[in-house]
Structure formats: structure tokens, C-alpha cells
Amino acid sequence: MSRVIGIDLGTTNSCVAILENGQPSVIPNAGGYKTTPSMFAVTQDGKRLVGHLAKRQAITNSKNTVYAAKRLIGRRWEHPEVQKSIDLCPYQIVRGPNDDPRIEITGKTFTCPEISSIILREMKRVAEEYLGEPVRDAVITVPAYFNDTQRQCTKDAGRIAGLEVLRIINEPTAAGLAYGFGKRKEEKVAVYDLGGGTFDISILEMGDGVLEVLATAGDTFLGGEDFDRRIVNHLIEKFEESEGIDLRSDTMALQRLKDAAEKAKCDLSQRETTEINLPFIASDANGPRHLSVELGRETLESLVDDIVRGTLKSAEQCLNDAGLTADDIDQVILVGGQSRMPLVQKTVTEFFGKRPHKGVNPDEVVAIGAAIQGEALLSEDDSLLLLDVTPLSLGIATYGGHFAKLIERNTTVPVRKSHIFTTTRDNQTAVKIRVLQGESEHAADNDLLGEFVLTGIRQAAKGDPEIDVAFDIDANGIVSVSARDLQTGKEQSITVNATGTLSEEEVQQIIEDQELYEVQLKE
Amino acid sequence: MGEAKPEGDERVPRLAADCDPTRLQITPAEGYLLSRVDGSTPWALLREIGGMPPAEVERKLEEWLRIGVIEVDSDEEEKEEPPAVQALPEAKVDAHLDISVEVQREILSFGKKLSASYYDILGVPRDAGNPAIKKAYFALSKKFHPDRYFRRNLGPFMAHVETIFKKILEAYELLSDPTTRAEVEKSLRTAGSSAAEANGGGAEKPATDKPARKPRRIAASMSLLAQHKRQLTERKRKAKNFFESGMAAFRGERWLEAARGVRLAIAYDPRNDAFRESFAKVQRRAYEEQAKALTRKADECWDMHDFEEAGKYYEEALHYRPFDAEITMRVARIAHQVHDDLRKAKELAASACELEPRNAGFRLSLGKIFKAAGLKNNARRELETAMRLDPGLTEAKMELKSLR
Chain W
5 MSRVIGIDLG
15 TTNSCVAILE
25 NGQPSVIPNA
35 GGYKTTPSMF
45 AVTQDGKRLV
55 GHLAKRQAIT
65 NSKNTVYAAK
75 RLIGRRWEHP
85 EVQKSIDLCP
95 YQIVRGPNDD
105 PRIEITGKTF
115 TCPEISSIIL
125 REMKRVAEEY
135 LGEPVRDAVI
145 TVPAYFNDTQ
155 RQCTKDAGRI
165 AGLEVLRIIN
175 EPTAAGLAYG
185 FGKRKEEKVA
195 VYDLGGGTFD
205 ISILEMGDGV
215 LEVLATAGDT
225 FLGGEDFDRR
235 IVNHLIEKFE
245 ESEGIDLRSD
255 TMALQRLKDA
265 AEKAKCDLSQ
275 RETTEINLPF
285 IASDANGPRH
295 LSVELGRETL
305 ESLVDDIVRG
315 TLKSAEQCLN
325 DAGLTADDID
335 QVILVGGQSR
345 MPLVQKTVTE
355 FFGKRPHKGV
365 NPDEVVAIGA
375 AIQGEALLSE
385 DDSLLLLDVT
395 PLSLGIATYG
405 GHFAKLIERN
415 TTVPVRKSHI
425 FTTTRDNQTA
435 VKIRVLQGES
445 EHAADNDLLG
455 EFVLTGIRQA
465 AKGDPEIDVA
475 FDIDANGIVS
485 VSARDLQTGK
495 EQSITVNATG
505 TLSEEEVQQI
515 IEDQELYEVQ
525 LKE
Chain U
187 MGEAKPEGDE
197 RVPRLAADCD
207 PTRLQITPAE
217 GYLLSRVDGS
227 TPWALLREIG
237 GMPPAEVERK
247 LEEWLRIGVI
257 EVDSDEEEKE
267 EPPAVQALPE
277 AKVDAHLDIS
287 VEVQREILSF
297 GKKLSASYYD
307 ILGVPRDAGN
317 PAIKKAYFAL
327 SKKFHPDRYF
337 RRNLGPFMAH
347 VETIFKKILE
357 AYELLSDPTT
367 RAEVEKSLRT
377 AGSSAAEANG
387 GGAEKPATDK
397 PARKPRRIAA
407 SMSLLAQHKR
417 QLTERKRKAK
427 NFFESGMAAF
437 RGERWLEAAR
447 GVRLAIAYDP
457 RNDAFRESFA
467 KVQRRAYEEQ
477 AKALTRKADE
487 CWDMHDFEEA
497 GKYYEEALHY
507 RPFDAEITMR
517 VARIAHQVHD
527 DLRKAKELAA
537 SACELEPRNA
547 GFRLSLGKIF
557 KAAGLKNNAR
567 RELETAMRLD
577 PGLTEAKMEL
587 KSLR
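Residue numbers (the numbering used here), protein chains in the order written: chain W, 5 to 527; chain U, 187 to 590.
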């Protein structure tokens, strides 16, 4: 059997894991680190750098260093997250031909799946070097709230990187798999995942080697980087105050501030105070200026308190969706680097009334879970089964611009659901079935996955004909929809193909282009 | 036959499409009965209002149905194929597939069980509790979830496995929720246990032996449909009541009550567009009124110099009118002067200035807040803006002076 790797493709850091002799382990990269920065850079002389190498030169080459591309992948140009990134990122974000954000560095334009593929290829390389054999199969994780397009783009990225993506699974689910691996006990587990760019919370139930996802909630706009941003703003204000210089438009200073903020934040998880020293951060007529600020844990906590409390709203909703209360939860697992913050741990402990589980490493657990799922799919024994769910609700547009959900989000797959619909005009002989995905009750606010027309309906008064609309989702998440007139027996159906922002030709083109760089990447 | 009667009663007869009633040779009494056949009155009601003795009505309707004068809503007859049970492709035990012959046999035999009751599918007793149902679901999932056979060649068995798992999932979902489980119970009681037995036995009979299965299917699906329709009518009636009381409240200017009534109406009848349209209107009005009342209370407190109380009301009002610059600024001022919460004051004052960038007074307040927070440069910038907007603003001038 070929080896399968699990990849946690993170906003800030990525991690790769494997099962060795039935034991999950994280594979360190050549530098000995278990996580690799999700960063990619092109140097002045055209050399491509990934991971730690890219991060190390980010300050001096901030315009040509890409980070947090995960925030952009699979999104449309108009999306607020994209617009926010355009304001905040030192690298150039341009509008692509498919209305997708693309990244332009050193005169070359990269699509987001392409950037992600470069990170994935690096993780693949790390695994191959460690194992001494080629790796093809992988399970990749995404935030629970990624929509179809974002998932498909991640899959495309895997393909560009030369991987066969067995499954895309949710990060909190992966964490649950890692926790439940080898356990037989019946337990209800809450996974609180506060990463660099997103916050997810999932409630899982396990027993007898089966893991069921009961509910998922989260906030795609909330993560550790928001903490950093609050610190950066605090530092800018302080500096403006003491020196009268506004650093907001100085990209190099911003990158230094961002790094320092992140480091200070991590320091404050261990210590009560920390000092931030950034010499020569700016200069004016009076000569160079230095930034030197002492930051206390209390100050940090007052800066981000509302963000942390904001996560509890999602936790509440998730419990509600699962039909449980905080008391019903047997274990709480913390995932994502930001969950190391004492304030986060304290808040979560208070909310659930119990201390979080200590046995998992929040940076590694997701990759491990992905590797476990890969192994579970390929192995022939039945020691572990994940009952995965649909991330978003599916349904059809109905009269008046409404959205009728047939499959609620968090429904276990594979699944089949049907419902009877009817006509809205007298003697109507055809209906258009518009297949939508999303949570809004207004059809227009959801994503259109496909549409088809059912004709030959018996002429009758409105409301009389009965049209049975059925949704099928298979284990790979492929959706097919059929509509049948119960009186005439006429039937129409489509299979909805998930589409990323890239066409098949574009993917093929990028794969070819990538191979040209293969040599450079292996340096 | 005792079972058949209620279902017959649910039938809704209508005039056959190709029948011209003026050419029929019928008595005036029969004519009256025929005029009641309108495509919406069910069989049972016709028996009562048909103008002749019920037995006579029954006989007449049956006769008309037979000779094609009337027809019953054929949609219900078409429902004999319950959509839940899909046709499975032919599958024969095949030693060349990637799964053992025993597993193939297991799949085939479970596939035959799919039209059994949900309890039988999960293999749990009628009184099983949720933990037992979950246990059974987990155990069956481990056997029939398609992921168990990932990348393996199952030939036609893959489709079987998918269908089986979907049915297991359906059974688990319906039985683990008390509301849906009650419905399952109800339909089991109406369909009768005898029918279930007949179906179980039917599996061994040759496939051509259709009549043995057909009646039960019609019965089950028709009673479910009728039940569904009854519930729908009941919900619509409730929705209408809520809506009417909501609109009465609206006319009586009890805005919150009105919004609540209409919201409940939508909850009971989500497809009613008229409700939704009214809701937008009612809610907007309710919010406005609520904000107005709260602001009034707050103003009173403000005038009485009870700023703490005023702050609470303003903040609540802000919830209903989030883009009101004046209220935003008042909350900011109270946060600053009463609670000394400079962070909140700063944020709110800044957003008030964003909403009304040319308001000198707002700039002055923001400047004072910056000053209190020790942010002198920001304070100076705001105060200077205030001066520029309103050169006569002496307070801003004085504040600026004190900064220097």
C-alpha cells in the first residue's frame, strides 16, 4: 500500500504528518521544525523561496513575499476579505480574468491555488525526503467554513502540486480524529480551533471507532492575525504619540511591527510582560527614531478581550445546533496556535466548566488527524470511520426569491433527501430548478451551483402538480439533483460539478509551468 | 378492507377532463351531487353534503369513477413509488471483486430489507432509547459506509452500499429526533403491522407478484400525504391567526407586539410572501418606535443629569438605530465622562465622526477624549479640524491652548 500523508495547510503555518507502524507522527522539515511557514517569495535575482527561507527575508523583500494566501483562495474579488487584504498586505493583489484575486510579484502573476500548490509541494517534499520514497496520496484540511469553491481550489492546488487528494476534511474534525484515535470510549468532544486566520468550533461524538460530527460553527473573519493587528495598532498609536510619526504607510515598518507583535504575543503566553524594541524604525529631520515599548499581559488582554469573548457566541450556537449544553461535553480540545494564549484558555475553561484536554499539540493535531483519515480510507480494517458532513446547506430557489433548504449544513454524507414542490401559475408546464448552496434565506445571496428545466408538467391549477425534487450527495461530496413530476413521471437531473476559480486548461497550464520550476524548488 | 376506507375518504374527486356533464343522463339530485365535485372537496365530505343518503353518494361516486365521469386526484395514485426507495442495479456475487463473497452476500441481504420499517432497518426494538439507536447506527455505518470500501472495486455493489447507508442514515435521523420519531410511530400505526408483515413476506415472492405490495405502498404514502396536508392547513391557520393579531397590534401602535406576531406567522408559514413583506414594514416601524421611546427616556435622564441611566437607554437605542450619529456620540460622551472607558469612548466617538464628518462639536468631543487618553497628537488633529469646521468654537480653542 502506498503511503498517505496528511497536510494541514494553514494560513500562517503548514504541517505534514504520517502514520508509521500505526503511530501518527509529524514530519520535521530539513531545518528540524515541525511546522513550515505558509510563505512564498521571489528574490530580486528571480530565485523562488518557500517556508522558513521565505520568512527570513520577508522584511527586506516584503513586496515580493506572499503570506496568508489562504485568506484569498477561492474568493471573489469583491469579497470584503479580499478588499481587506488589499489594504493590509505589502504584496500586490490584482484582479484576475475570472474575477478572482491574483498575486503579482516580480512582474509575474500567480493564482491563489498556484501559491497554495507551492506550499503543498514543499510539504510533499518534506515528507518524501523523510520517507525516502515518492508520495502521491494526501488528505488536506480546510477550515470548516470553507465553501465549495474554496475547497475545490484547495483540491486544485493539491493537483498542481502533484498530489492525489483523497479527501478535503475540516480542520476541527481532523483534530477530533487525532484525539479519538485508538480510543474506544463514548465521548462528546468540543474542538475549539483558533488559528491564524479563522475560528472554528465543532462538536463531535465518538464511540466504537466511529466519529460523528454533530455540529460546526465559526467565524471566517476572526483569528490570531486580528490579535496581531490590535497590537500593531497599539504600537502605531504609541509611536505616533511619542514621536509624531505615522507608520501606517511605511510597508517595511509595518512588516517589522507585525513580526514583533506576533513575537510579543507569543512571549506573553509565557511571561507577564515583554519588551518590544525596533531600532531605526523610522527617521525624520531630527535623525533616526527607535521604537521601544513595554507590553504587559494585562494590556494585551484588554486589547483583545472582545475578540476572545466573540468566539463564545459561535460556541453557543454550535452547542445549540448539536442539541447539547456545555455540561454535556466530556472533553474540550484546543487547536490552533492562538489557543495557547492564557486568556483564551481561561475563557474556554469558564465557558465549558472544565479544563481543556492537555494531550494534544495545537500546532500538529490537525495534520495528524488528516493522516489518520487518509490511513482509515486506504486500510481494509474497520478500526476507524469518520461520518463526515456537508459544510453548507443545499437547496433550490423558490417563488419570490426564497431559498428552500433540502439538505441542512452538517448533514452526514452520503445522503439523499427529497421534497415535493409545486407550480405557482395556472397551467404552468415547466419549472426551472436552480440549485443553490448557502445559508441565507434569500436565494440571491447564495451560490448558484447549477440549473435545469423540467418540462411536460400536466396543465393544472397552480399548486396542483407535485414535483419531487431529490438531492443526492455521495461520499466524495459530489451532488446530483433530480426533479420528477409525480403525475406524468417525467424526470430531469444534473450532476453538480464543484468548480474552483480556475478552468481545467488553466490547471493543466499551471502544472506544466510548475514543472519548469521543479529544479529550483528542490534546491 | 377496513384499512382501505379512510384512505378512500381522503381522495379528492374532480370532473374528468374529457367529460362533458351536460351530455350526461342524470337526475337533478345526481346533478346536485356532481356540482359539488369541484376538485377540492374530499370524498368523506361529499358523502355528508351530497344531498342524498351517504350510502347513495358512495355508490354513485364509485359508479362515476368507474365509468370515467369523475377521476380522483391521480397524483396520489402516482405516489405508489415512494421516492425514498431507489431501484438498485442487478448485482451477483462475484469472486473477482475486491470484497469477500461473504460481505457481498451481506450487502445483498441487507439491500432486501430496505423497505422494512425504520426500526427493522436499524435492528432495534420499537422502545429503543436514543443511545441504543446511536449504537446500532454506528455499528451499521462501520459496515455499510462507502468509505469502508474506498478505492476498492466493488462493481455494482458500490451503488448498493451507498443506497443502504443513505437508508440507515435516514432511519437514524428520523428515530433519534422525538418529533420525527412520533411521525414514524403514527404512520406505522396507520399502515398497520399486518401490512409490514405482508411486505416482509413479499421479499421472498417473485418480483412479478406486484399486487401483494402495491396496496400497502399506496396506503402508506397516502396517509402520510394526508397527514402532511392536514398539518400544513393547521400551520397555515395558526400563521393567519398570528398575522391578524400582529396586524391588529400594528394598528393599535403596539409595534413590538406587532413584529412578534408577524414573525410567528412567518415561522408557521414561511412561504407566504405577504407575511414577509409586512414583516419588513412592521419591524422597521417597531425599531424606529423603540429607538424613539428609548431616546426619549434617555433624554429625560440626561436632562435630570442621571447620566448613568441615560447611557443605558442610549446604548439600547443604538441597538435599534446603529447609524445614528447623535446617539453614538452621546454614548461616547457618557463612556468618557461617566465610566471613564476611554477605549469605548474613542471608538464610538470616531464612528460618530465618520457618520457626520463635518460636525465640529463631534470633533471637539473626540479631541477631548483623545486628550484624556493621553494621545496628544490625535487630540490636536481633531481639535484643529473642529476649529476649521467652526471657527467660532471657543471651547475647541481653549482645549487646544491647554494642550500646548
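The set of hints was computed from the structure by calculation and includes no laboratory data. These figures come from a predicted structure and were not determined experimentally. For every residue, glycine included, the Cβ atom is placed at its ideal position computed from N, Cα and C. Keep in mind that the hints are not guaranteed to be accurate.
Said to hold, decoys possible - Stretches of chain U that chain W covers, calculated by requiring three or more beta carbons in the stretch to come under 8 Å of a beta carbon on chain W:
1) 229–239
2) 328–335
3) 351–357
4) 419–431
Stated by the list, open to error - Away from chain W, derived, C-beta distances all over 10 Å, residues of chain U:
5) Arg-209
6) Gly-225
7) Gly-254
8) Glu-348
9) Arg-457
10) Gln-476
11) His-491
These are the hints, each one checked on the structure:
1. 229–239: violated (count 0)
2. 328–335: That given contact holds, which follows from 6 residues of the segment 328–335 of chain U lying within Cβ reach (below 8 Å) of chain W.
3. 351–357: With 4 residues closer than 8 Å to chain W, the segment 351–357 of chain U meets the three-residue bar; holds.
4. 419–431: violated (count 0)
5. Arg-209: 23 Å, holds
6. Gly-225: Nearest chain W Cβ is 8 Å from Gly-225 (chain U), so the label is violated.
7. Gly-254: Consistent with the label, Gly-254 (chain U) stays out of reach of chain W, its closest Cβ about 17 Å off (over 10 Å).
8. Glu-348: 5 Å, violated
9. Arg-457: 7 Å, violated
10. Gln-476: 23 Å, holds
11. His-491: 30 Å, holds
Violated hints, listed in ascending order, are 1, 4, 6, 8, 9; each of the other numbered hints is respected by the structure.
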